[in-house]
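Peer 1: Chains as they are written, first to last, in this note's numbering: chain A, 545 to 883; chain D, -18 to 538; chain Y, 685 to 961.
Source of the hints: derived by calculation from the structure; they are not laboratory data. In this text the structure is predicted, and so the values were computed from the model without any measurement. Do not take every clue at face value.
What the hints assert, rightly or not - According to the in silico footprint, chain Y covers these stretches of chain D (three or more CB under 8 Å from chain Y):
1. 214 to 222
2. 261 to 275
3. 324 to 335
Just so it is clear, CB atoms sit at the ideal spot from N, CA and C, and this is done for glycine as well.
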Amino acid sequence: MERLKFVGKRLLYMIVMLFGVATMVFILTKLIPGDPVVANLGQRAMSNPEVVAAYRAKYGLDQPLAVQYFMYMGNLLHLDLGTSIRTNNEVLFELKRCFPATIELALMSIILATIFGILFGIISAVRRNSILDQGVRVISVTGVSIPSFWFALLMLYFLYYKLHLFPGPGRLSNTFSAPETVTGLYVLDSLLEGNTAKAMDALSHLLLPSIVLAAFTMGLITRTTRSNILDVMSTDYIRTAKAKGLSEAGLILKHALGNALIPVLTVIGLGLGNLLGGMVLVETIFNWPGVGQFAYESVTAADYPSIIGVALLIALNYMVINTIVDILYGIIDPRVRCS
Amino acid sequence: MKKKLLALFMSLAVVVSFVGCGGGSGSGSAAESSAVGSAANGGSTGGESADNGSADGGNTVVIAMEGEGLETFDPGYVYEKYAHVVMNACYENLFKFYGNEGTAQPCLADTYEFSEDSLTLTVTLKDGITFASGNPMTSADVAFSINRCKNLKGNPSIMTDTIDSIETPDEKTVVFHLTEPDSAILSKLTYNALAILDSEVAKENGATDAEDASSADTARNYLDGTSAGSGMYVLTKYTPNEEIVLEKNANYWGENASNVDRYVIQLQGDANSQMMTLSTGDIDVALNLTDDTVSELEGNDSVAVLNDPTKTVAFVMMNMDESIGGQVSDPKVQQAIRKALDYKGTQEIVGSGTVTPYSLIQDGFMGSKGTRDVNYTNIEEAKQLLADAGYPDGFDIDLTVTDLAFEGTPLTDLAQKVKDDLALIGINCNIVTQSWAAGYGDAYRDGTLGFTVMYWGVDYADPNVQLEFLPGNSVGLRAGWQADMDPDIAALSKACMEATDDADRTAVLEQIQDATYEYGPFIMIAQAPAHFGYNTRLTGVAVSDPYTLDVTMINIA
Amino acid sequence: MHALKKLFRSNYLFTLGVIICLAWIIAAILAPVIAPYDPIVQDLGVRLKAPSGEHWFGTDNFGRDIFSRVIYGGRYSLLAGVVTVILSGIIGTFYGAVAGYVGGQVDNVMMRFSEMILSFPSLVLAMIINAVLGSNLFNTLFALVIVSWPTYARLMRSVVLSVKENEYVTASIALGAPKMRVLIKEIIPNSINSVLIMATTDIGNKILMFSTLSFLGLGSAPPTPEWGMMVSDGADYFNKFWIAGFPGLAIFTMAVGANFIGDGLRDLLDPKLRKEF
Chain A
545 MERLKFVGKR LLYMIVMLFG VATMVFILTK LIPGDPVVAN LGQRAMSNPE VVAAYRAKYG
605 LDQPLAVQYF MYMGNLLHLD LGTSIRTNNE VLFELKRCFP ATIELALMSI ILATIFGILF
665 GIISAVRRNS ILDQGVRVIS VTGVSIPSFW FALLMLYFLY YKLHLFPGPG RLSNTFSAPE
725 TVTGLYVLDS LLEGNTAKAM DALSHLLLPS IVLAAFTMGL ITRTTRSNIL DVMSTDYIRT
785 AKAKGLSEAG LILKHALGNA LIPVLTVIGL GLGNLLGGMV LVETIFNWPG VGQFAYESVT
845 AADYPSIIGV ALLIALNYMV INTIVDILYG IIDPRVRCS
Chain D
-18 MKKKLLALFM SLAVVVSFVG CGGGSGSGSA AESSAVGSAA NGGSTGGESA DNGSADGGNT
42 VVIAMEGEGL ETFDPGYVYE KYAHVVMNAC YENLFKFYGN EGTAQPCLAD TYEFSEDSLT
102 LTVTLKDGIT FASGNPMTSA DVAFSINRCK NLKGNPSIMT DTIDSIETPD EKTVVFHLTE
162 PDSAILSKLT YNALAILDSE VAKENGATDA EDASSADTAR NYLDGTSAGS GMYVLTKYTP
222 NEEIVLEKNA NYWGENASNV DRYVIQLQGD ANSQMMTLST GDIDVALNLT DDTVSELEGN
282 DSVAVLNDPT KTVAFVMMNM DESIGGQVSD PKVQQAIRKA LDYKGTQEIV GSGTVTPYSL
342 IQDGFMGSKG TRDVNYTNIE EAKQLLADAG YPDGFDIDLT VTDLAFEGTP LTDLAQKVKD
402 DLALIGINCN IVTQSWAAGY GDAYRDGTLG FTVMYWGVDY ADPNVQLEFL PGNSVGLRAG
462 WQADMDPDIA ALSKACMEAT DDADRTAVLE QIQDATYEYG PFIMIAQAPA HFGYNTRLTG
522 VAVSDPYTLD VTMINIA
Chain Y
685 MHALKKLFRS NYLFTLGVII CLAWIIAAIL APVIAPYDPI VQDLGVRLKA PSGEHWFGTD
745 NFGRDIFSRV IYGGRYSLLA GVVTVILSGI IGTFYGAVAG YVGGQVDNVM MRFSEMILSF
805 PSLVLAMIIN AVLGSNLFNT LFALVIVSWP TYARLMRSVV LSVKENEYVT ASIALGAPKM
865 RVLIKEIIPN SINSVLIMAT TDIGNKILMF STLSFLGLGS APPTPEWGMM VSDGADYFNK
925 FWIAGFPGLA IFTMAVGANF IGDGLRDLLD PKLRKEF
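One chain only, chain A, in its complex shape (with noise of 0.2 Å):
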């Protein structure tokens, strides 16, 4: 009952939130000098008052600010989000299309990140200030140091372009055609296609820019292991267990590892939320047709009403995933309680 408390509660500051994130967005978009009729009507056209006028009624720009605001807002109500002045397509339409791109790239980064990160983290724990730890300690900070476009081009230039040794950019090379929409993931899609071909195709397309994306993170999660790892060696229940004579790695691997990683957890879910939010440089460097390539080319337009959805969506999934790590940790920590 408390946590369902909790859970409703959460639900309720939410959406709460997103109300106040599409104000803000809607303000602030106002505020573009910019007239959107200019970003998406031609040199020509622009100037002609018909056509003008025509747009602006089609848009419902020709509305006093208020007016459009609380039409935005009463849509909002009923999950509408209107229309993006850019492509004409429903702002929900382009956003079920590019959301999927985003999700499978980021599900593929945190999970490598996940893995190097622990792993070098225990490394570093476990033989701690010798070579190999400082070594690690280079890595994670090479990691969150290294600038994002930078790296994609590198990583372009040398595994792409000189060595051949990964595809380029893009989601699929183009002797495959995109499999059926199903989950919008390529590699699932082209599985649930029975197309391992493919599968592996996109599978492969995904590890440039998912290594790029997943340097940042890793590091994070290295420091946040190595340092919890330390911490959780200097307890009590840790010193009895090495007095009985147990050795140090398998301490570690036995006991000291499960409770060093549920701060982790928090570092994995942060770097997932950013993920899913901030990829407009990598995913334009490697065209990969997601939500921040949609954001960047959406700001690049004043297009209002996807600005918004843009930012809806990466607020709901960072709330959802800041939400689901809390209840987690009631979940794994005993020690700490829904309050």
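With chain A fixed as given, assemble chains D and Y onto it according to the hints.
Peer 2: Chains D and Y in isolation, oriented as in the chain A frame:
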């Protein structure tokens, strides 16, 4: 708790094996692509991509082009440059440009005739034209399509400005009543937005040509995903930012000039990826190469390269209104700048194939006086002119520029070049960047920019497009150039519109170029080339002004 | 001081970080002396030349010397890193301190607002702010501060919540000290350590973010030699690796240096905070 952690580790283990497969496939596909590459380099003529790419084993050609900004394939709205590759394949017009030079030729039209006063154009249709749906084409389809475009009031509706009304006395005859003589009307009728739609199919999907079409018409989303024309191909698939698929129209009424069964258009505008995939044989045609990537392809026997000029021009604009342009509104200063700019260096920055137009009319258009001598630059003269204007020591000024690119060259690059050139005569430019959607576009439209570098792409392939740069017309007004400032030049605009005879029009166009060679708020600094690359197994690949690439002319050797 | 010495001796990475950062600071200050060429003036005769004895890092599209431009570019990145961290640190500290100290509904509303900003993708938010205000160095720094302060606010609030319970604070309040005074004199000084640690580790992040915005074309107008913008220019000349390669390497080394220092200081100042990030 232990159980949960165990589960966590189990899932991690699964993931590890999953990634392991991924790595394997990564190297596997690389091996594949390098194999394709070596086969292509070895002079193989067979269509590697065709074998892999097509489900039914027909001839497939893969094209890579810029996909950003592609918004619609609805003829009533279509406007973006790269959309014309698709439109021209799927739809046909009354007239068409076959090649870059010359004039519009009849396509769906059989014969045409102007009235004495040039206010009426009568067109008869060819016999036996059918749409891809099998429906026969009649004059009603023509009237519907053009009226719809006009009443949708979208971007391309400006093409119909001079069309007052359309009459269809019988199934084969269309009569256009014009509001004023329009020497460019045939060229306008070639424009893809005036393509002839299958009105029956369109109406079934919500299209209307009524007055209130701009709000009542709901066919756009339908037409974005499929085509309803009479063209050689049919649009079968469009995934935004990913790919477009065109299949041969099995019901094509005319002669099939292309043996390609299927086009896959990859929306991947990055020049480097295009260069790499072209050199490995993964794609057949690349439309967005750059000077730099073209040089990388040299020595590759299976790839041919085109560096042909387009009609897109970059220009410096100096506002004629003193309250806006300040120092640069002075014709003497304008001439000093004209003399100070380094046209040759600018050509180098934009890349091989770049030319500098003589003045307002691009090289290659009917009536054009060709190119400006690159040695026109003369720093001493420029300094003298500046001193005569009262600025012997130069001055400081803001040079505004936006985040757009001029056929691949960022406008900010051109602005940096202008800044560097003008520094030589003491004009110190402070470059101000402003994004198109966040103010620059508005300021440009409203004519409140004092000094800027901008570009202009022609929307229909006719020199009359350039009349917009004359005083009192839309672009002229953006530079504060009112008709009453230079009534003689302004009058040439009307004279050109009325000159339906080609020789007369050429004469007027030459007058326009002479009048603006060393005068006016615009300096055309470069006419950009397009850099295409294609696999030599193809013939008929050419840079097309109106369509970018006319895919109906391509054949596999 | 003694601790710092020990840090230098025991943590080589910290020492390396200090050396890297000092080198960049010196390069930025002495740029006019070190740079062999003017970073702005073009020379089309030598455009797109590979690295050589003449031009150590090669030349760009306009024939400008990339080494000189990289040296000058350090000024902008250093400025961006330090200024945004200081400003967002100050704003976040006060905001978080007030929220944590006052508590109740005020705290609730204040924290919800900062979370709203946090939940929003910072890059997109910065892009919109730049679109609203216009694109120049000052506005880009402003945008960076806007997206950065909530993290500090959140940290400060949590620290204040625990400090608030300390005896000396409850004592001061019981003795009738004015609230504002207690906040400034007691609570903030006692909580500031954590913020300082976070700030040092954050400088590297901010340098990265600034270069990202600059890569997207937000920031100073060309021909200013900003690193991010230089990488973006170089991306158009993919096979001429030096154009994007060297400025990118510069961003990377500066961020690595800042992170090594941050890491070391964190270990030194607050062993308990190691699990924060």
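Peer 1: None of the hints should be skipped; say for each whether it holds.
Peer 2: Against the structure, the hints come out as follows:
no.	hint	result
1	214 to 222	violated (count 0)
2	261 to 275	holds (count 3)
3	324 to 335	holds (count 3)
Going through the hint list in order, the structure does not satisfy hint 1, though it satisfies all others.
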